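Let chain A serve as the given structure and place chain B on it in line with the hints.
Going line by line, the protein sequences match chains A and B.
The opening position of the first sequence corresponds to residue 1 in this note's numbering, with each subsequent residue numbered one higher.
The opening position of the second sequence corresponds to residue 1001 in this note's numbering, with each subsequent residue numbered one higher.
Simulated from the structure, these hints should not be mistaken for lab results.
One should not assume that every hint holds.
No more than 30 Å apart at the CA atoms, straight line, and that leaves these computed lysine-lysine pairs for DSS-like [unchecked claim]: (1) B:Lys1268 x B:Lys1282; (2) A:Lys216 x B:Lys1078; (3) A:Lys280 x B:Lys1280; (4) B:Lys1180 x B:Lys1268; (5) B:Lys1180 x B:Lys1127; (6) A:Lys268 x A:Lys180; (7) A:Lys280 x B:Lys1282; (8) A:Lys180 x A:Lys39; (9) A:Lys268 x B:Lys1078; (10) B:Lys1216 x A:Lys78; (11) B:Lys1280 x A:Lys268; (12) A:Lys282 x A:Lys268; (13) B:Lys1280 x A:Lys282; (14) B:Lys1268 x A:Lys268; (15) A:Lys127 x A:Lys78.
Quick caveat, the model's predicted, so the values are computed rather than measured.
Number of protein chains: 2
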Amino acid sequence: MIRRKPASDVTLAVDAMGGDNGPETVAAGAAVAVARGLKAKLMFVGDRAVLEPAIARHDALAHADIRHADSVVSMTDKPMHILRRGQDTSMWRSIAAAAEGDADAVVSCGNTGALMAVGLAQLKKIKGVDRPAATALWPTNRGRTVVLDVGANVEADANQLVQFAIMGEAFFRSLMNVEKPTVGLLNVGAEDLKGHELIRTAAGILREADPAMAFKGFVEGNDISAGVVDVVVTDGFTGNVALKSAEGAARLVGGWVRETLTGTLNAKLGALLMAPGLRKLKDRIDPSSVNGGVLLGLNGLVVKSHGGSDARGVASAIQMAADLARAPFHDEVAQTVAAVMARSSDLAESRDNNTDIPIAAQ
Amino acid sequence: MIRRKPASDVTLAVDAMGGDNGPETVAAGAAVAVARGLKAKLMFVGDRAVLEPAIARHDALAHADIRHADSVVSMTDKPMHILRRGQDTSMWRSIAAAAEGDADAVVSCGNTGALMAVGLAQLKKIKGVDRPAATALWPTNRGRTVVLDVGANVEADANQLVQFAIMGEAFFRSLMNVEKPTVGLLNVGAEDLKGHELIRTAAGILREADPAMAFKGFVEGNDISAGVVDVVVTDGFTGNVALKSAEGAARLVGGWVRETLTGTLNAKLGALLMAPGLRKLKDRIDPSSVNGGVLLGLNGLVVKSHGGSDARGVASAIQMAADLARAPFHDEVAQTVAAVMARSSDLAESRDNNTDIPIAAQ
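Next up, chain A with everything else stripped away, as it sits in the complex:
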């Protein structure tokens, strides 16, 4: 069981200076979240002179705090540069608030590479995790699927894929309150013989060393949107390509739909008749409705909002941070990773010592 923190005790550090759209958009997004019933204290981090007027514009933010930071991480700053000289940035100070226990979660629209580096530097990794992973909440026929890694690491070995699976499962359980999320490894064919060697190895480790997981084996690209499993595990290169290819296809079809609705006078009349349904359709296709990706594997909760997020996108990311902050899953991830990795190396050793034990069917 997951112990939940009372909502009123949750504080979110919001890096208010990052992103393409500036502090006004972040403040507007926070106001949308509060208007929708957000139950969390907000701490905006950034240049006080800029933030005070931006926040004052929204009655909903009357109780928000400001923590000052002199400078900003730009979207093109290199992570190494920020690590060396970025201690006075709003991103650094936001994560510091979490590291020092003043905040339960961080939300930032800033650049992913820098966010990961600053997160690692201050929050450290969860014990047993080699590399943190970036998650996406992918809309599906059945709700949402967590896909990871979507870009934190261009490569992943079999053990790292196993760790991603464990982190993704714990994350989905916390976010969706589902006891036994199903997990699949992204591959090019459902047959067990296809795909990279290392994916087959990862599947073998998961089956043997984490029998408690509802591991469903391999899934293909089209299975993600179909919602075949709750958690899809892959390396950051493949995950990033899959996510962006799908976004591109959804945008293409969305454009075709718009053309259809405005092509003729009759079509425009028809569109008027179905206006409520079309508004819902637009919301569903709108990427801001699923904005917010957690950097999993850090000893703290960091939610990355898309750099180009509008106010609604920021609101979604803030709400996600509040939901997750109430259900901390780091201890569970740390315990499971340690147990599975230990069991996996025990099994590997006993296989090496005893050729009678068959290698698990993959």
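Below, chain B alone, put in the same frame as chain A:
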């Protein structure tokens, strides 16, 4: 310039027994293609006792030939099994017709692995090509983009990616009659520092050794549907995941559109008003309109139709085979691959011998 064969001289060998839907669907598809103005002779390959009645049902196929084959490659047959004992299958005989010069192209709905193996065994590879690649014609905002490899090889090294780029460029030129197709390498970020080492190496080779190519550097997943370049190059694992993820997303959005159109009585009335536009939208989302992937790198033209193709899908694949058979591009591919590979190893050698020559900016 590409020399084109007179249309009336083109013969297509159609493996009529493969696929999930059987010879009736293949015959119906061929009849659709003829009704749409196909200018090619058709040779159906398969069990004469089954094919004769299937073909006789369509007046459009009155002039089609039949070449008998006793057996069929199933969708689950292993390639190695077919290589050893598949000489009497319709797939083998179809490719034999091309290898022996009786057909200019082959169309098959059969299983991809077996088709590639049988193609390699009988047609051989184009000189200088390490591994053939499977292509997809991806619908975009600007028309069509060729993506390769979409699943023939789970991995590809830098030289193989370079060869895929050359084959894809020649293929696009032949199919679309565009003199200078643009080419991009699929990566996770447009910045040159991101992504796998081997993709950066491939980019370097292409820039140095094939300066005639309109190589645009790296593209991301969302750039495919946006039609940013004409040819997108990647390994078969990534390409397969990208293609299927995009298909899944398009299907998801298509489902949402259907819900919107039928949600209320008003919506249904609205849908009636925009019926012509909706028919066009349905055609655009329908994968059968872009069915047909060429196995590039074989010394002959093999078009793979999706295993689950309906008659319209088969018709698209047959039309594509006829279009390509008129503009053979194998000589061009062979020459370009040989020239680029030779220049690339010369450049590598001169780099090794002379540290003053800077490595090409990537």
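Right, here's what the structure says about each hint:
1. Of the pairs offered as hints, the one joining Lys1268 (chain B) and Lys1282 (chain B) holds, with about 16 Å between alpha carbons and a cut-off of 30 Å not exceeded.
2. The straight-line distance between the Cα atoms of Lys216 (chain A) and Lys1078 (chain B) is roughly 24 Å, inside the 30 Å bound, and the hint therefore holds.
3. For the proposed pair Lys280 (chain A) and Lys1280 (chain B), the alpha carbon gap of about 22 Å is at most 30 Å, so the pair holds.
4. A threshold of 30 Å between alpha carbons decides the hint, and for Lys1180 (chain B) with Lys1268 (chain B) the separation of about 46 Å lies outside it, so the pair is violated.
5. Pair hint Lys1180 (chain B) plus Lys1127 (chain B) holds up; C-alpha atoms about 23 Å apart against a cutoff of 30 Å.
6. With a C-alpha separation of about 46 Å, the suggested pairing of Lys268 (chain A) with Lys180 (chain A) is violated against the 30 Å cut-off.
7. A C-alpha spacing of about 20 Å is found between Lys280 (chain A) and Lys1282 (chain B), which places the hinted pair at or below 30 Å, so the restraint holds.
8. At roughly 27 Å between alpha-carbon atoms, Lys180 (chain A) and Lys39 (chain A) fall within 30 Å of each other, so this suggested pair holds.
9. This hinted pair does not check out: Lys268 (chain A) and Lys1078 (chain B) have alpha carbons roughly 53 Å apart, beyond 30 Å.
10. Under the criterion of a C-alpha separation no larger than 30 Å, the hint pairing Lys1216 (chain B) with Lys78 (chain A) is consistent with the structure, at around 24 Å.
11. Straight-line distance between C-alpha atoms of Lys1280 (chain B) and Lys268 (chain A) comes to about 16 Å, which keeps the hinted pair within the 30 Å bound.
12. A C-alpha spacing of about 16 Å is found between Lys282 (chain A) and Lys268 (chain A), which places the hinted pair at or below 30 Å, so the restraint holds.
13. As the CA atoms of Lys1280 (chain B) and Lys282 (chain A) are separated by approximately 20 Å, the hinted pair is consistent with the 30 Å bound.
14. Straight-line distance between C-alpha atoms of Lys1268 (chain B) and Lys268 (chain A) comes to about 14 Å, which keeps the hinted pair within the 30 Å bound.
15. At most 30 Å may separate the alpha-carbon atoms for a hinted pair to count; Lys127 (chain A) and Lys78 (chain A) meet this at roughly 26 Å.
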